[in-house]
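The primary structure of each chain is shown beneath.
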Amino acid sequence: MLAITRSGLAGTVFFLIALLALPALADGQWIKIFISTGCFVIAASGVAFMYSRLGMVSLGQVALMGVGGWVTLRMNHAFNLPFEINVAVAGAVTLVFGWLLALPALRMRGLYLALITLMAAGGLEVIFSTFRFPNGGPGFWGVMPSVAAPFRRPWIAQSDTAYLRYIMAAAFFGFVLIELHRRMAPGRAWAMIRRSEAAALASGVNVVYYKAWAFGLSGFLAGVAGGLLAGGLGLLDAATFRASESIMLFALSVVGGARFWLGAVIAGVLYRVMPALFSNWGINSDLTLVIFGAALLHAIMTAPDGLSGQILQAFGKVTRRA
Amino acid sequence: MIELVDLTVTFGGVTALDNVSAVFTKPVNGIIGPNGAGKTTTMNVISGFLKCSGHIRYNDEEIGRLPAYKRTRWGLRRSFQREQIADDLSILDNLKVILDVTPGGRAQKAADAEQALEATGLAPRAHTMAGELNTFERRLVDVARCLVGKPKIVMFDEPGGGLSREEAARLGDLILKVPEITGATTLVIDHDVDLISRICAETLVLDFGKRIAFGETAAVLGDPKVKAAYLGVEEVDS
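Taken in sequence, the protein lines are chains Y and A. Start counting the first sequence at 1; every next residue gets the next number (the numbering used here). Start counting the second sequence at 323; every next residue gets the next number (the numbering used here).
These aren't lab readings, by the way, just hints derived from the structure by calculation. Please read all numbers here as calculations on a predicted model, not as lab measurements. Honestly, I wouldn't trust all of these hints.
Pairwise CB distance ranges (calculated) [as the list claims (entries may be wrong)]:
(1) A:Ala432 - Y:Ile283: 42 to 52 Å
(2) Y:Lys317 - A:Asn456: 37 to 47 Å
(3) Y:Arg152 - A:Ala433: 52 to 62 Å
(4) Y:His298 - A:Ala550: 51 to 61 Å
(5) Y:Ser196 - A:Ala491: 23 to 33 Å
Note that beta-carbon positions come from the ideal geometry of N, C-alpha and C, so glycine has one too.
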């Protein structure tokens, strides 16, 4: 069960190189962009594994990140607990919140989950815009005008550089968590559900239970990602968690390739790094939307495993020849 | 012993199964009938995929009220007309899905899987991904899945479909061994009368959702009503 695959080995090497190189090479602004990218990679890994392993479409992942971020900020300003506990609570609350939203849809087939998660994302967008994110103010919503109270980062990652490494390690463990699930009973049950619900039932799989498990894991990852994103700047903005962003993250997960870890990394990079690059080059970053649309068409028409599938296939050919 | 009592299924105004009753007492039994007779509906009802009125009992234990996945955990196994194995799992993992939810220790389950793989001849390829298998091998995986987890009832839905004559014969031999390997009562649905007459001791014949004959296979296949309905031979009044 603990044997490492070629893809896993490539992922570990990629992680180690990124861990050493990225904080050393990037400057202040780019460190912040990479921190944000890492958080969205974690969220994308959740939405991608649900799609690739069960064929379930969730269009509320970024909104669930908002829930995780809200809980982390609320905990940070209300209690004097370590960052890790705040993020763990955020993951757990998001998991349960996601379950409550999705449980009716998990009993049904088809696009009901996509519709319900999208509606939830729309509802959360309104709530986030109206009440905003806690910044140390009084009361339940904890909002005060203009200034924000200090945010406690993990004691091992006080600087931006260290925090980027912390985020990359969290993303790596997120992938390991998904992979461990894939290799154990839940992964086998998910594979049967993806084959067909009849096949799953004939295998003794409680379909609703295992779908809820998958959605819970994905929600947990979204919650943790939101909490980690809150730690990047110490505050969050409602505009980050619009419903359209959830659709975008799902679409980019398909473009990146939902089956592989590299797909989630590509999704995060396209989502965060590409618009920043365009801004740096003086190009309107909205142009990225046109590129994303074309990439999505390309993925749907010619690359069912997305860009990562094509890259890993090409990499496999090269290594076989060598 | 599998006892079906007054099974009735309706889809809107159509009665797919009409008060079907039968008691299967032999190790390997068959269900035959022309297209649309209600064979697969019967199997789906026993599996718990369709709601019905009536009773389904195994050795006097009522199983007709259990949800489908709990029937599998209880000991019901089935194959499908088009096999339903997961391409992105290995052969062994396709068996483990069932072992994950059935009782027993780790070593016992490993031995169980090994026995099923040996019986089907799949042991040397246990770690091959199911997506790499041909039609017959996929069918064998489907059979192997039916052997694990101490099954009590095993059902095969047209197991010989899409196979060559030799492959169908090999599969027939394997199905004959199922009660011996597992102790389960076996039900086989197939259009292939040769296969049914070779391996099934008792057979139920359905037509338009109704039971038209039940009993020892040779006697049932010789019944003029069965010949008229299923074999396309006109019933001649004596």
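### Message
Verify the CB-CB distance for Y:Ser196 and A:Ala491 against the hinted window 23 to 33 Å.
### Response
holds (29 Å)
### Task
Kindly confirm whether 42 to 52 Å is satisfied by the beta carbon distance between A:Ala432 and Y:Ile283.
violated (59 Å)
### Task
Could you tell me whether the CB distance from Y:Lys317 to A:Asn456 stays inside 37 to 47 Å?
violated (25 Å)
### Query
Lying within 51 to 61 Å: is that true of the beta-carbon distance Y:His298 to A:Ala550?
At 59 Å between Cβs, range holds.
### Message
Holds or violated: the 52 to 62 Å window for the beta-carbon distance between Y:Arg152 and A:Ala433?
### Response
holds (53 Å)
The structure shown violates the earlier hints numbered 1, 2.
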